[in-house]
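Trainee: Here is what each chain is made of, one letter per residue.
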Amino acid sequence: MTSPVDAGAATGRIEITGLGVGFGRNGRRVEAVRGLTLMTTPGEFVALLGPSGCGKTTVLNTVAGFVQPTAGRVTVDGETITEPSADRGMVFQQHSLFPWKTVLANVEFGLKMRGIGSVERTAQARRYLGLVGLAGFERAYPGELSGGMQQRVGIARVLVNRPRVMLMDEPFGALDAQTRLAMQELLLGVWREVRTTVLFVTHDVDEAIFLADRVAVMTARPGRIRDLMPVKLPRPRPAEVIATAEFMALKARVLAQVREESGRAWTAPWP
Amino acid sequence: MATAPLIGASAAPADAVAPLRLAGWRRPALRALSIALFLLAWHVATVWDVDFYVRFQNIPSPGDVLAEAITLFSSPSYYVHIAASLERIWLGFAIATVLGIGLGLVIGWFALAEDILLPPIELLRPIPAVAWVPISIMLWPTERSSIVFITTLGAFFPIVLNTIHGVEGIDRQLVRAATSLGAGRAAIFREVALPGALPSIVTGLSVGMGVSWICLISAEMISGQFGVGYFTWVAYGIVKYSQIVVGMLTIGVLGMLSSLVIRLLGARFMPWLPRRDKAGT
Chain C
1 MTSPVDAGAA TGRIEITGLG VGFGRNGRRV EAVRGLTLMT TPGEFVALLG PSGCGKTTVL
61 NTVAGFVQPT AGRVTVDGET ITEPSADRGM VFQQHSLFPW KTVLANVEFG LKMRGIGSVE
121 RTAQARRYLG LVGLAGFERA YPGELSGGMQ QRVGIARVLV NRPRVMLMDE PFGALDAQTR
181 LAMQELLLGV WREVRTTVLF VTHDVDEAIF LADRVAVMTA RPGRIRDLMP VKLPRPRPAE
241 VIATAEFMAL KARVLAQVRE ESGRAWTAPW P
Chain V
1 MATAPLIGAS AAPADAVAPL RLAGWRRPAL RALSIALFLL AWHVATVWDV DFYVRFQNIP
61 SPGDVLAEAI TLFSSPSYYV HIAASLERIW LGFAIATVLG IGLGLVIGWF ALAEDILLPP
121 IELLRPIPAV AWVPISIMLW PTERSSIVFI TTLGAFFPIV LNTIHGVEGI DRQLVRAATS
181 LGAGRAAIFR EVALPGALPS IVTGLSVGMG VSWICLISAE MISGQFGVGY FTWVAYGIVK
241 YSQIVVGMLT IGVLGMLSSL VIRLLGARFM PWLPRRDKAG T
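Here the protein sequences come in this chain order: C and V. Quick note on numbering: the first sequence equals residues 1 to 271 in my numbering. Quick note on numbering: the second sequence equals residues 1 to 281 in my numbering.
Please keep in mind that the hints were generated in silico from the structure rather than gathered at the bench. There's no promise every hint is true.
Said to hold, decoys possible - Short, incomplete list of chain V residues facing chain C, as computed with Cβ under 7 Å: (1) S34; (2) A94; (3) T97; (4) R176; (5) L181; (6) G182; (7) A183; (8) A187; (9) P195; (10) S206; (11) W272.
Just so you know, even glycine gets a beta-carbon here, dropped at the ideal spot from N, CA and C.
Could you build the full structure based on these sequences and the hints that come with them?
Mentor: See the structure below:
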């Protein structure tokens, strides 16, 4: 990589103010998110943590431009989001690679959309595949890869566009524990190289603390931010960091909040 | 069964639930034996003139058929019939492919097109193509064009419907992924909808090929002057019973080869799909 760090550094300020998102109509209306406010600084790694069904993914989909807010505003670097863009790439939980494209063609996709010539495209895509440790798998099809390898392609495919923001929707949620750990370390390594703002949705407390600069705990539905906790653990973070007292203390705090919200999520339909 | 452990003495519990299968050369041998037994039963039934509600008196024996086939293989007129049928299939199928895939893509992609174009298709679809024969003879100036029309009709419906189904069934998440990588609507159609629909389209082509053979043979039997269907039907009329069976077998082989071509083309255009034939049937 020739200095990959520069571009993302000054951009990627997400500002979500008073966000409300509702689905359905009239009688069957469900409010997924209400009055959610969250700001990130450029290049920051923020984990969105919360009980299932609290609207984490909805927030992510709003930033991506897949879902339109019913109230409030979402901007990235001051621009209001109206539609999806390669500036805000999304890594999905699973099965989101194009099965009919080779690994290389999947990573090249965004560059192709921008009209970049095939030689340049291939060169860049190869570089990012190398970054996620998949050099040599260029010609494989996604169906021939393991779940963890597929997610690495998914990350390379987003980062090759040099997005302001990388949105990650429980990207390691479908992986086994061993692979998940390896992927978390890999993600931190890649993120050190290609600095971009990351909004990372998860329900795994360890994962959130291990990865993020700040952990945003969401309330039960309709979701808003309950607490925003900075993670002061130094970087680079080795895997052993999860055994430190500092980590444990933070985890206890976060867990207590998440548990309380989960309890609320369960009792919510029967108040 | 590619992973089935045939290696050795180690007790393989995974195999305990697998269907009983023979290893190595025994499997093809058993299958050959099965065909031999079928031929023997046919031979015996015809030689003994079995009459047990079904009557075998007029049915040619395997030997008769073989002798007849050898004679026919060196007769130019046999090939004229085959050529006529192949030309009609090829023409009809090609037209149906172009129309079916083209219309299917348009209907699947644009909701308005679906409302305008789909109702007549749905209305005509339940009518078997063979029922179109009289109308077709009136509609088209030549026998050849009317038979091609029937053949086209037979292949068209499965192709158009499977294409629509394929386009409408594209994975929403892949569409989202594409948009968040900078794809516009045209790019989504080209890069996501089209390849995503391809397996379904190939299924449509495969079914369409089968139906168009049925239609071709029926149409030739009813109104032809050439073609394998005509040949088979005429053989009955002129009491050349062995020729009937040769005609039937010819139809079977041609149909099988056509399906094979579709399958090979499908595999060629969809290299990402796992090959089923690797595992041996």
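Trainee: Would you mind marking each hint as holding or not holding in the structure?
Mentor: Hint by hint, here is what the structure shows:
Residue-level restraint check for V/S34 is violated (minimum Cβ-Cβ distance to chain C is 35 Å; threshold 7 Å). Against a cut-off of 7 Å between C-beta atoms, the interface hint on V/A94 is violated, since the closest Cβ of chain C lies about 25 Å away. About 20 Å separates the beta-carbon of V/T97 from the nearest beta-carbon of chain C, more than 7 Å, and the hint is not met. The criterion of a C-beta within 7 Å of any C-beta in chain C is met by V/R176, whose closest approach is roughly 6 Å, and the hint holds.
Annotation: V/L181 was flagged as interfacial toward chain C, and the flag holds, the nearest CB pair being 4 Å apart, inside 7 Å. A least Cβ separation of about 3 Å between V/G182 and chain C falls short of the 7 Å threshold, and the interface hint therefore holds. With a least beta-carbon distance of about 5 Å to chain C, the hint placing V/A183 at the interface is held under the 7 Å criterion. Residue-level restraint check for V/A187 holds (minimum Cβ-Cβ distance to chain C is 6 Å; threshold 7 Å).
The interface hint given for V/P195 holds, since its Cβ lies 4 Å from the closest Cβ of chain C, which is under the 7 Å cut-off. Checking V/S206 against chain C: minimum C-beta separation of about 19 Å lies over 7 Å; hint violated. For V/W272, the shortest C-beta to C-beta distance to chain C is roughly 4 Å, which falls under 7 Å, so the interface hint holds.
Violated hints, listed in ascending order, are 1, 2, 3, 10; each of the other numbered hints is respected by the structure.
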